[in-house]
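2 protein chains.
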Amino acid sequence: MQRKIEVCLTPALIDLYAIENSIVVVIDILRATSSIVYGIDNGAQAIIPVAQVEECLNYADKGYLLAAERNGEVVEGYDFGNSPFSYTAEKVAGKTIVLTTTNGTKALHLARKRASQVVIGAFLNLEALCAWLKTQEKDVLLLCAGWKDQFNLEDTIFAGAVVNQLRSGFTHYDDASVAAEDLYLLAKDDLRAYIHKSSHSHRMVALNIEEDVKFCLQTNICQTIPVLEGDQLVALKTGL
Amino acid sequence: MQRKIEVCLTPALIDLYAIENSIVVVIDILRATSSIVYGIDNGAQAIIPVAQVEECLNYADKGYLLAAERNGEVVEGYDFGNSPFSYTAEKVAGKTIVLTTTNGTKALHLARKRASQVVIGAFLNLEALCAWLKTQEKDVLLLCAGWKDQFNLEDTIFAGAVVNQLRSGFTHYDDASVAAEDLYLLAKDDLRAYIHKSSHSHRMVALNIEEDVKFCLQTNICQTIPVLEGDQLVALKTGL
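Quick note, the sequences are listed as chains C and U, same order. Going by the working numbering, the first sequence opens with residue 1, and the numbers climb by one from there. Going by the working numbering, the second sequence opens with residue 241, and the numbers climb by one from there.
The hints are simulated quantities; they were obtained by calculation from the structure and are not laboratory data. Possibly wrong hints are sitting among the right ones.
As the list claims (entries may be wrong) - With a Cα cut of at most 20 Å, we get these calculated EDC-like pairs of lysine to aspartate or glutamate: (1) C:148 to U:330; (2) U:388 to C:15; (3) C:4 to U:389; (4) U:244 to C:149.
As the list claims (entries may be wrong) - A few chain C residues facing chain U, derived, Cβ under 8 Å: (5) 9; (6) 10; (7) 13; (8) 14; (9) 16; (10) 149; (11) 150; (12) 151; (13) 156; (14) 174; (15) 179; (16) 183; (17) 186.
For each residue, glycine too, the CB sits at the ideal point set by N, CA and C.
Required output: the full structure, derived from the provided sequences and hints.
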């Protein structure tokens, strides 16, 4: 079967891709998709991504946890933001979380408009994600959330890690896949050192969340693949 | 002085950059900006970039050469397209050329709307371009023309070559600069082999223009920097 893998380097470019029959993997390593993977893996019942901070309030008084991050910080008055340490089993098991973030939830909303299926990727579930993607007879678009529509290193490197695992099973790939894979191969022996070349990581240091960065760069501590069903992210039943 | 260098990976992202006080370097290695550099270096009086094929016709009967390329091929009825071999001294010295290409002239038109100054870069004039940029007290945006608004390898690698020469003199750079420079460092020992990983190079092989590719990957055979003055590209007087 002819299959195509492509990397969309920022959400601003998504209209260039025909994704009606594709699986779109949304990637926002620091920190939205890492925390979503971790939260669902820790037994959160669902995570509802919303684009605007104000939309979270529509879900108040329903017993949901409300999570909002803007520019790397928790929005005042919300339960938490997108630090993975807020998504432990103790805090989220059995709960539904309404979440809005600067970049990740925006990418999700763009993808869901047209994609055949939308799943969530992070280093935390890299192996599980790739194992499942290999079994699907679909084209794959790796959608980097970036930073305010700009390219960023950490999402691109993760996309490259996925390309690196999947490419042999795909007949077509684009230039962005080649670049992402090569950057991943440069970075993989010390992801943290490489990510520190990133402007976003300077923001992270300024925000004093170096522990979050370290956490998000762990590989394969989660087996769960969050998938969008209706307006909710839930655990995909892979049958693997 | 605080100076910033950034890489805009495709023209579709240009609105994200504040370029009102910047020098924008337009890059379309295969083949528009390579041919523009070569043509001006060979004594073409001016090259007038236009966005649409039909616009070229407005310049008919003025004694100009009319050049039009779409999807890698010369448009029927035009003098030539964007092969560098059409821009030799014999063919263009003293002449004015009206040129439209699939990607390069579009990027030029987007840049000129807002940029402080627009110049043309290619491997052919890499050293001359970098030497001049170092003497300017301006921010620099390296604008990759890409392929129909998508990322491509060859333009990004050239941007990385410029970053590699300039970075020590700049205080700020973005993630795309880091990535472009690292890809350039991977590619530099054999640019052609690396470019062959590119989907665009497959198009080039299909178009039977491998000699053009080889030509465009030569470094520093031209000393000229084309600059946009009004609606014309002419040789920049650098005083270097």
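Check your understanding: Looking back at the hints listed earlier, which ones does the structure fail to meet?
Key -> Hints 1 and 8 are the ones this structure does not satisfy, whereas the remaining hints hold.
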